[in-house]
Amino acid sequence: MQNNIYEDTIKKMAEGGIESPRLEARLLIGFVLKINPNDAPLIRDISSQQKEKLEECINKRLCGMPLDKILGQKSFYKYDFKVSENVLSPRPDTEILVEETIKKTKTEDTILELGVGSGCVLLSVLKETKDTTGIGIDISIEALKIAQENAEHLELEQRCRFIQKDWNDNDFKDCFDKKVDIIVSNPPYIKTEEIKTLDREVRLYDPFVALDGGADGLECYRKIAKICQPIVQKGGYILLEVGAGQAQDVEEIFLKQGWAYEQTVKDLSGINRVVILKNK
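According to the working numbering, the sequence shown is numbered sequentially starting from 1.
The set of hints was computed from the structure by calculation and includes no laboratory data.
Some hints could be false.
To be verified - Pairs of lysine-lysine residues, derived as DSBU-like cross-links and limited to a Cα-Cα distance of at most 35 Å, are as follows:
1) 256 x 223
2) 191 x 173
3) 12 x 196
4) 196 x 280
5) 173 x 51
6) 106 x 60
7) 130 x 60
8) 223 x 130
9) 51 x 34
10) 34 x 53
11) 127 x 104
12) 165 x 51
13) 223 x 196
14) 78 x 60
15) 256 x 60
16) 78 x 103
17) 234 x 130
Claimed, not checked - Now the in silico label distances, taken between C-beta atoms and shown as ranges:
18) 47 x 19: 27 to 37 Å
19) 52 x 222: 47 to 57 Å
20) 192 x 256: 37 to 47 Å
21) 22 x 214: 39 to 49 Å
22) 163 x 131: 55 to 65 Å
23) 92 x 192: 46 to 56 Å
For every residue, glycine included, the Cβ atom is placed at its ideal position computed from N, Cα and C.
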């Protein structure tokens, strides 16, 4: 490896079935050597310690660990976010949720995210809007630590707070000293039985709790529908990411709780991805 570090890494990645071996080789070498990834092809010599770390990263990738979980960072919307195995890796489809939330947000609104994870949705919205504040709720203290670090990195720590809470807790409503203007959520929506069929990058390295939507994939939406209306201003909104084929069911769940349907927004693949409802 001493003479052809870049080419050898590409070969290993390609033989392991990685779809973009050149790109990922550059990123891994850049990560290990703490250099610009574009300079990776120029490297001709590395220390034994760097070699060992690079081999470790390559092996993790070939075992199915997502690249972002190895690098500890994922680009989403316009920003880079710290990630780990304690949070769901941000998906491009979720950028639709961010865009639609920004459209509904007014100056000085308070936005609540249920299941905040890495904070990528809430923090992206806050970064793009004026004088807004945010609240991020998550059951995982490890996820909240990641969200807090991302808030500090984006210089948003003064505009948001994070709370460890289960949506099912009887005192959930006590978390809020006033009503919020918008709720946003990308809750777990995979059917429990389908999780074992997911790609190993998701099945093995995203938190189970961030994937499991119950027997029909709709359990979390029912929970949210029951608890959220009293904490949203009249005329406020809730925006929900949904799985393929779930939009109408989610809409009906919230209509039964007194919400008014606003619209459904498709993702770039034409799948109904975000359901928007208004508190009457």
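Hints, verified against the model:
no. : hint                  : verdict
1   : 256 x 223             : holds (13 Å)
2   : 191 x 173             : holds (28 Å)
3   : 12 x 196              : holds (27 Å)
4   : 196 x 280             : violated (40 Å)
5   : 173 x 51              : violated (52 Å)
6   : 106 x 60              : violated (44 Å)
7   : 130 x 60              : violated (41 Å)
8   : 223 x 130             : holds (31 Å)
9   : 51 x 34               : holds (13 Å)
10  : 34 x 53               : holds (12 Å)
11  : 127 x 104             : holds (15 Å)
12  : 165 x 51              : violated (43 Å)
13  : 223 x 196             : holds (24 Å)
14  : 78 x 60               : holds (27 Å)
15  : 256 x 60              : violated (46 Å)
16  : 78 x 103              : holds (16 Å)
17  : 234 x 130             : holds (21 Å)
18  : 47 x 19: 27 to 37 Å   : holds (30 Å)
19  : 52 x 222: 47 to 57 Å  : holds (49 Å)
20  : 192 x 256: 37 to 47 Å : violated (23 Å)
21  : 22 x 214: 39 to 49 Å  : holds (41 Å)
22  : 163 x 131: 55 to 65 Å : violated (21 Å)
23  : 92 x 192: 46 to 56 Å  : violated (25 Å)
Comparing the model with each numbered hint stated earlier shows that hints 4, 5, 6, 7, 12, 15, 20, 22 and 23 do not hold.
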